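**Student:** Residues per chain are reported as follows:
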Amino acid sequence: MSAPFEITLAAFTKGMEEAALARWIVPEGGWAAEGDVLAEVETDKATMEIEAPCDGVLTRRLVSCGAKKWPVGAALALFAPGPKPEPGAQPAISAPAVGLTLAAPPAGPSVTMTLADAVRAGLAEAMRVDPRVRLIAEDARAGGRRGVWRGLAAEFPSRALEASADSAAALDRAVGALLAGAVPALDLPAPGRVPPAALDALARRAARFEAPALAMLRVDARSRFAPPAGARVVAPCS
Amino acid sequence: MLPAADPAATKRPDLLMQSDAFSAMLRARRLEEAAGEWFGLGRTPGDLRLSIGQEAAHVGLARALAPADALFVGRRWIGHASAAGLDPADILSDLEDGGLRAARRAPAFDAAEEGASALERAIGWAAATSDGRAVAIAVLDDEETETPSLAQTWRDAARLPVLLVVEDARAAPAGAPDWLAGAAVCDGLDVHAVSAAVAAARGEVAAERCARALVLRVGRHRGWSMAEPDRTRARGPDRRPRGQEDALARERTRLLERGHDPDDIEEIDEAAREAQREAAARAEATLAARRRAERMDEPS
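So the sequences go chain by chain: A and B.
Read in order, the letters of the first sequence correspond to residues 1 to 238 in my numbering.
Read in order, the letters of the second sequence correspond to residues 1001 to 1300 in my numbering.
In short, the hints are calculated from the structure, not lab data.
What you are looking at is a predicted structure, and each value in this text was computed from that prediction instead of being measured.
Be a bit skeptical, because a hint or two may be false.
[What the hints assert, rightly or not] If the Cβ cut is set under 8 Å, some of the chain A residues that face chain B in the computed set are:
| # | residue |
| --- | --- |
| 1 | V63 |
| 2 | A165 |
| 3 | A169 |
| 4 | R173 |
| 5 | V175 |
| 6 | A182 |
| 7 | R205 |
Every residue gets a Cβ at the ideal spot worked out from N, C-alpha and C, and that includes glycine.
Between the sequences and the hints, there should be enough to build the whole structure, so can you do that?
**Tutor:** Written out as structure tokens, the structure reads:
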């Protein structure tokens, strides 16, 4: 892969002086073929597309989406020309039957992965660092729903705890784990039906004992689900 | 006519131990009575289910636990919280606040809103604890065992160190759910019998690392449900009658029969009342301080 260069904001029309970045299409670390749309910008008159000048990887975003206007000529991203990586050549996560290994280097360009892979990698890292962390999930030992937790039970056999498909019951198990001195990382089975009282019971105990607890809700981005107050929302393309 | 007390006998270790249990039962009774009073005054949000008369279950169970064990109680939790050593002032002030029932992390104690939650929390604790000798105990009343999902929850507990204790006030055990059929049974109105039975069951669970159930045959709880009097009356006839089935009265009689001085018993009773008065005063002070802090936080 060649050294990265800057992708700058070009003047799409005569007289254009500035534009706002509407959204990124390619994530950091993502590969794009020549002509693929990397991002969309909005001028006063139209939405325009920023294309990849050649095959390569968008190594770093230099500006974020929003209403802020960027002047023509501003650097938007760093782009490193190069061929498309072979499948499996540098996987974000190797997920063999036993164990999980983060293959992404600590420094350097970001890697592309699905949200599920990212969440699993993050939790695996947390479990390696902090022996108190317990995964609590439906079918945790079998990899969880849709295999999102695959490999964790093999790497941490005593720390992947089963929960039922009922959200209130799963939250109760997290309360029990919290009182045992563990840090529960709960994969809520049915986010649309989370009983507020059960969530409140976990939150109040975590607050009283000043003990961390994590309740994860995986929600279809197209749904109208309103996250509970205080929830931190992680979007796959943010 | 009560037998005259023998001064030497009152100093015997077994009698001292018995009076210690009696004292703990009295403290649990006085706390439940105070909680009932606060409920009557409209000071506690939601419902409140007491178990006045079941102090033998509270104290006998607490005395059989190992220091590292965890106790998870369903809706009749106040007496158990007292016997487990939680500060009665904290219990009362949390009652008025409503949101968080009694909870302690070491040794673990937790009061759930319903029995199914208590058993789920016990399972979560037993699965997460790193202490290979500790046991999680879940306490439910007989009505809570009728929750349909509980049979599955009990199956989930099968290979975990969980002891399920059911306070059964049914007139006949025929009403018990099928999944409790193999449970051991003991007289729940005798504090010493409860203690021995829980210790034995707990020992099995700790050694075999698998779940066991123990049924305590108790009399009908007084303060069955202070929120649903109509429902309480409707359910009354299938419960065992009150009257002589009072654990505290039974223990008082036992102490007198074994030579305790009636004056000593009165003294223990007065000490429990005084401790409760002092706890209520501290709870009032805590609540007043919280209200002052809330007023200061309000925008002017």
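**Student:** Run every hint past the structure and note whether it holds.
**Tutor:** Hints and how they fare:
Because the closest C-beta pair between V63 (chain A) and chain B is about 38 Å apart, greater than 8 Å, the hint is violated. With 8 Å as the threshold, the beta carbon of A165 (chain A) stays out of range of chain B, its nearest partner Cβ sitting at about 10 Å, so the hint is violated. The beta carbon of A169 (chain A) comes within 5 Å of a beta carbon in chain B, closer than 8 Å, and the hint placing it at the interface holds. Given the 8 Å rule on beta carbons, the hint for R173 (chain A) holds: about 3 Å separates it from the nearest Cβ of chain B.
Using the Cβ-Cβ criterion of 8 Å, the hint placing V175 (chain A) at the interface with chain B is satisfied: the shortest such distance is roughly 5 Å. Hint status for A182 (chain A): holds, given a least beta-carbon distance of 4 Å to chain B, under 8 Å. Given the 8 Å rule on beta carbons, the hint for R205 (chain A) holds: about 6 Å separates it from the nearest Cβ of chain B.
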